[in-house]
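Chemist: Sequence:
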Amino acid sequence: MPGQGVSFKSLKDVTKSLLEVDNEVVHVILEYKEDVWANKELMDLVTEYLNTSLEALDFCGVLEKCVQQTRDNLELHLQVAINHMPAEGEPTQDQCDTVLKELQGFVRAANPFSEDFSKQFVTVYQRHLEMQNKLQAKKRKLDSKMRSVRGWMKVSNIILGATCAAVLLCRVIADAIAAPKVAVDLAEESRKPGRGMGSWLKPLCRRYEQIRAQAAIIEDASKGTFVAIQDLNNIKASVERLKNDTSAITRNIRFGEDRRHDPYSLQVAVEAIRRKQSAFIDQLEDLRETVNQSRGRINKARTVVLVRILENRDIIFRQGI
12 MPGQGVSFKS
22 LKDVTKSLLE
32 VDNEVVHVIL
42 EYKEDVWANK
52 ELMDLVTEYL
62 NTSLEALDFC
72 GVLEKCVQQT
82 RDNLELHLQV
92 AINHMPAEGE
102 PTQDQCDTVL
112 KELQGFVRAA
122 NPFSEDFSKQ
132 FVTVYQRHLE
142 MQNKLQAKKR
152 KLDSKMRSVR
162 GWMKVSNIIL
172 GATCAAVLLC
182 RVIADAIAAP
192 KVAVDLAEES
202 RKPGRGMGSW
212 LKPLCRRYEQ
222 IRAQAAIIED
232 ASKGTFVAIQ
242 DLNNIKASVE
252 RLKNDTSAIT
262 RNIRFGEDRR
272 HDPYSLQVAV
282 EAIRRKQSAF
292 IDQLEDLRET
302 VNQSRGRINK
312 ARTVVLVRIL
322 ENRDIIFRQG
332 I
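Going letter by letter, the sequence shown gives residues 12 to 332 in my numbering.
It is possible that some hints are incorrect.
In the BS3-like style, the derived pairs of lysine-lysine whose C-alpha atoms are separated by at most 25 Å in a straight line are [what the hints assert, rightly or not]:
#	residue 1	residue 2
1	130	76
2	130	247
3	254	76
4	247	287
5	51	150
6	254	156
7	234	51
8	247	76
9	112	130
10	247	145
11	145	234
12	311	112
13	254	287
14	254	51
15	112	287
16	247	156
17	145	156
18	156	51
19	287	150
20	152	51
21	234	247
22	247	311
23	234	150
24	213	152
25	152	234
26	311	145
27	76	287
28	156	311
29	51	130
30	145	51
I should point out that these hints are in silico values taken from the structure, not numbers from a laboratory.
Given the structure is predicted, the values throughout are model-derived calculations rather than measurements.
Please take these sequences and the hints and turn them into a complete structure.
Modeler: Structure follows, in structure tokens:
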């Protein structure tokens, strides 16, 4: 069977020690398909969760590149334009031409937060919403099963207690009327209910532990997905602010272009851009930090799910691994 040469104990140690989960660990776990997983639906959900969270990690990488590209455009064009505009006095025609050239270069630079970026965001976001709905539906189903099994366990315990009490009462009566043979027979029979009920309760308890372990895995995955959705909402809000600020800067550039022969108007436009630039850079760095934190939380959530699987491998998998 693929991956069998790798011990799960060593995988557990590796998983606990690393925040960024090695994809090889994920692949080894998922290589144990239907022949090992005790519940195919659980296996499918875990697989889908890991794939969905991996898409979020890939999106974080794309977003980080967009942030860096925007920062490069600022430094390559806007900052150069600002530096060429004199702080005092009217700029020369050569200075105006250089400033306009750099401002136009910023406008022509490809916008990293394009329509394709927005489509990718929507795809990742929708996948997480669908994943969360599936996880919550599965969790409700498992909770219902746990309540049912707990109810049967209580009923079984009551029946066992009542049976033992009845047999004990009969033994007391038999002893009281001095019927040794009856007492011996009752003593022998009293062992049978315990053995029978015990053999019934054991798989019931095993089933309960299995359902509880599955519910814990699903809950961990659901928490991780919920946090990822919140992070995606925050990222969307930050990107929208950046788009608005970019539009404001572009309007100032258009204002300067329309008055290219008026040095004072161009100077006013560049000054307005300079005032926006600082806040724009701060927003870029805040978005970069949000992306890094989101990546860390996604990796941590994946680790929690994998560790939970490994800790419950004797219950989750059909055979000892």
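Chemist: A separate judgement is required for each hint: does it hold in the structure or not?
Modeler: How the hints compare with the structure:
Between residue 130 and residue 76 the CA atoms are separated by roughly 16 Å; this keeps the pair inside 25 Å, and the hint holds. For the proposed pair residue 130 and residue 247, the alpha carbon gap of about 12 Å is at most 25 Å, so the pair holds. Taken as a hint, the residue 254 and residue 76 pair is honoured in the structure, with Cα atoms around 16 Å apart against an allowance of 25 Å. Taking the CA atoms of residue 247 and residue 287, the gap is about 20 Å. The hint holds against a cut of 25 Å.
Between residue 51 and residue 150, the direct Cα distance comes to roughly 15 Å. Compliance with the 25 Å bound is thereby established for this hinted pair. Annotation: proposed proximity of residue 254 to residue 156 is violated, straight-line Cα distance about 49 Å (limit 25 Å). Taken as a hint, the residue 234 and residue 51 pair is honoured in the structure, with Cα atoms around 21 Å apart against an allowance of 25 Å. Between residue 247 and residue 76, the direct Cα distance comes to roughly 16 Å. Compliance with the 25 Å bound is thereby established for this hinted pair.
Among the hinted pairs, residue 112 with residue 130 is inconsistent with the structure: their alpha-carbon atoms are about 32 Å apart, more than 25 Å. Between residue 247 and residue 145, the direct Cα distance comes to roughly 23 Å. Compliance with the 25 Å bound is thereby established for this hinted pair. The suggested pairing of residue 145 with residue 234 holds, with an alpha-carbon distance near 13 Å, which does not exceed 25 Å. This hinted pair does not check out: residue 311 and residue 112 have alpha carbons roughly 46 Å apart, beyond 25 Å.
Distance check on the hinted pair: residue 254 and residue 287 sit about 13 Å apart at the alpha-carbon level, within 25 Å; holds. Annotation: proposed proximity of residue 254 to residue 51 is violated, straight-line Cα distance about 44 Å (limit 25 Å). Between the alpha carbons of residue 112 and residue 287 the distance comes to roughly 19 Å, so the proposed pair stays at or under 25 Å and holds. For the hint linking residue 247 to residue 156, the alpha-carbon distance of about 38 Å lies beyond 25 Å, and the restraint is violated.
Distance restraint check for residue 145 and residue 156: the Cα-Cα separation of roughly 17 Å lies within the 25 Å cut-off, and the hinted pair is therefore satisfied. For the given pair, residue 156 sits about 17 Å from residue 51 by alpha-carbon distance, which is consistent with the 25 Å threshold. About 48 Å separates the Cα atoms of residue 287 and residue 150, which puts this hinted pair outside 25 Å; it is violated. Note on residue 152 and residue 51: the hinted pairing holds, with a Cα-Cα distance of about 15 Å set against a maximum of 25 Å.
For the hint pairing residue 234 with residue 247, the CA-to-CA distance comes to about 20 Å; that is within 25 Å, so the pair holds. Restraint check: the Cα-Cα separation between residue 247 and residue 311 comes to about 22 Å, which is no more than 25 Å; the hinted pair holds. Restraint check: the Cα-Cα separation between residue 234 and residue 150 comes to about 12 Å, which is no more than 25 Å; the hinted pair holds. A C-alpha spacing of about 23 Å is found between residue 213 and residue 152, which places the hinted pair at or below 25 Å, so the restraint holds.
At roughly 17 Å between alpha-carbon atoms, residue 152 and residue 234 fall within 25 Å of each other, so this suggested pair holds. Our distance criterion of 25 Å between C-alpha atoms is met by residue 311 and residue 145, whose separation comes to about 21 Å. Distance restraint check for residue 76 and residue 287: the Cα-Cα separation of roughly 22 Å lies within the 25 Å cut-off, and the hinted pair is therefore satisfied. Note on residue 156 and residue 311: the hinted pairing is violated, with a Cα-Cα distance of about 29 Å set against a maximum of 25 Å.
For the given pair, residue 51 sits about 32 Å from residue 130 by alpha-carbon distance, which is inconsistent with the 25 Å threshold. A C-alpha spacing of about 14 Å is found between residue 145 and residue 51, which places the hinted pair at or below 25 Å, so the restraint holds.
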